[in-house]
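We have chain A already, so just place chains B and C on it with the hints.
Chains as they are written, first to last, in this note's numbering: chain A, 1 to 213; chain B, 1 to 145; chain C, 1 to 119.
Don't read these hints as lab results, they were simulated from the structure. Note that beta-carbon positions come from the ideal geometry of N, C-alpha and C, so glycine has one too. Check the hints yourself; a few may be wrong.
[As the list claims (entries may be wrong)] Between beta-carbon pairs, the in silico distance windows are:
1. C:Q115 with A:L169: 41 to 49 angstroms
2. B:L14 with A:P91: 42 to 50 angstroms
3. A:G105 with B:Y31: 33 to 41 angstroms
[Claimed, not checked] Simulated pairs of lysine-lysine, PhoX-like, Cα-Cα distance not exceeding 25 angstroms:
4. A:K82 with A:K23
5. A:K77 with C:K34
6. A:K23 with C:K69
7. C:K34 with A:K80
8. C:K69 with A:K124
9. B:K57 with B:K12
10. A:K23 with A:K80
11. A:K80 with C:K101
12. C:K101 with A:K77
13. C:K101 with A:K23
14. C:K69 with A:K82
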Amino acid sequence: MIDTLIDVTLLAFLAITAIAIIKMRNLFVVIMLFGIFSLHSAGLFVVMDAADVAFTEAAVGAGISTVLMLATLALTKNHKEKIPTHHARIPLLVVLITGAALVYGTYDIPDFGDPHSPAQQHVKPRYIERSVEETGTPNIVTAVLASYRGYDTLGELTVIFTAGIGVLLLIGGRIADRPLPTFRPNFSSKLRPILKDKFRHKFRTKLRRKDKE
Amino acid sequence: MKHNLILRFIVKYLFPVIALFALYVQFHGDYGPGGGFQAGIILSVAFIFYSLVFGLKTTEQVLPPGVLRIVMCTGVLIYAGTGVTTMLMGGNFLDYNLLSQNPIEGQHLGILMIELGVGITVSSVMLIIFFAFAGRGRPEEADHD
Amino acid sequence: MIDIIISHYNYWVVIMLMMAGFYTVISRGNLIKKITGINIFQTSVFLMYISIGYVSEGTPPIIAEGFTKYSNPLPHVMILTAIVVGVSTTALGLALVVRIKEAYGTIEEDEIHDQDMSL
Numbered sequence: 001m002i003d004t005l006i007d008v009t010l011l012a013f014l015a016i017t018a019i020a021i022i023k024m025r026n027l028f029v030v031i032m033l034f035g036i037f038s039l040h041s042a043g044l045f046v047v048m049d050a051a052d053v054a055f056t057e058a059a060v061g062a063g064i065s066t067v068l069m070l071a072t073l074a075l076t077k078n079h080k081e082k083i084p085t086h087h088a089r090i091p092l093l094v095v096l097i098t099g100a101a102l103v104y105g106t107y108d109i110p111d112f113g114d115p116h117s118p119a120q121q122h123v124k125p126r127y128i129e130r131s132v133e134e135t136g137t138p139n140i141v142t143a144v145l146a147s148y149r150g151y152d153t154l155g156e157l158t159v160i161f162t163a164g165i166g167v168l169l170l171i172g173g174r175i176a177d178r179p180l181p182t183f184r185p186n187f188s189s190k191l192r193p194i195l196k197d198k199f200r201h202k203f204r205t206k207l208r209r210k211d212k213e
Numbered sequence: 001m002k003h004n005l006i007l008r009f010i011v012k013y014l015f016p017v018i019a020l021f022a023l024y025v026q027f028h029g030d031y032g033p034g035g036g037f038q039a040g041i042i043l044s045v046a047f048i049f050y051s052l053v054f055g056l057k058t059t060e061q062v063l064p065p066g067v068l069r070i071v072m073c074t075g076v077l078i079y080a081g082t083g084v085t086t087m088l089m090g091g092n093f094l095d096y097n098l099l100s101q102n103p104i105e106g107q108h109l110g111i112l113m114i115e116l117g118v119g120i121t122v123s124s125v126m127l128i129i130f131f132a133f134a135g136r137g138r139p140e141e142a143d144h145d
Numbered sequence: 001m002i003d004i005i006i007s008h009y010n011y012w013v014v015i016m017l018m019m020a021g022f023y024t025v026i027s028r029g030n031l032i033k034k035i036t037g038i039n040i041f042q043t044s045v046f047l048m049y050i051s052i053g054y055v056s057e058g059t060p061p062i063i064a065e066g067f068t069k070y071s072n073p074l075p076h077v078m079i080l081t082a083i084v085v086g087v088s089t090t091a092l093g094l095a096l097v098v099r100i101k102e103a104y105g106t107i108e109e110d111e112i113h114d115q116d117m118s119l
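Here chain A stands alone, though its shape is the one from the complex (with noise of 0.2 angstroms):
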């Protein structure tokens, strides 16, 4: 009982803390406020019994996640969101009728908690039975991870290692205050006529309207 009425609020707040991120302009307050959206969600992971899932997403969500935020904001210099100049109307659209469909899916879910449900069925009873005898550790979701899907956990390092290498070829050098040399196609007075000839077959109206203009 105690664990529902838990979980009902905590799943109020997301959904609060989700509204005012959309809502508000100041970009400190979103970030803060995506470090609170995260450590909520840590706290949801405890009350639906995954305790390794809640560490690291209080770990990466709550530490990592924002204070990278946090860099970026003070390397960027912007701290207020432009005022949108016209109504969102058709993402809302899209949004809405997304959402409707999924839930009209949800009618086929089994019942939250339903120890009887197809997810719980097939491989979990093996694995609970047969891990300590197998691995030895009383901690199943390491030994699924280290022992029996060690492959997937390489490829979720080289991941790791990868985002690291990628951040410093990026933004790995002190120096930022000549302008970067970028590339912005010329296509002032050699390409225009030869691209002017190429296509005149296909853009014949539209060259002939941007010559008299």
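Here is chains B and C on its own, set in the frame of chain A:
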């Protein structure tokens, strides 16, 4: 920020506690929640905390960026090396039963080695990313505020 | 009616969070806000997976004396990997935002678009 007495004291007191907690989480991943990823991030958070108070230059004297890059590669090599070792012993890739006489001992040893590799890589990658963001655009400044 | 709401409440709030993140990505022009929207979307997907693996009156999947009902450990493993991959993607995206700011001078999407179009 290093002129603030309370922050200096708190960092000097908390840094070994956080590092010890990271090592605890790393090696007790078998018996409770934890493992390599969480431990690596907690260890990197300790160093980030130190660098926020005492400045980027001081932290880079402790952890030179060149050393961090070598450590990042070493972690991945430890993980892949465990797999190649089991292949050289005659089994499949990452087959931990061959690492010792007793298969359960082999599993324990294998899981320990790869979690070590994971923890080393994750902590050094997070530190590299933080140093890259914090050091951008300030080639001669000493402090990061 | 009430038991349908109680048993599916988790999933509906998760869908609402997913749509909130999706809306932030497609309707706002600021790049940092877009990355925040992607992260909200990711976290709500993780919540959905863990909700599917939850067993009521169970315990975390760590074998101990006296407990028989455990939560499903397989979604936990998947989500552990997904969280770490998500932070890697966020770090790379933020590095790209820093470089875009240095190249264009702004991080609003329509101003970047205008600068590209006015060649």
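Which numbered hints does this structure break? Violated hints: 1, 6, 14; rest satisfied.
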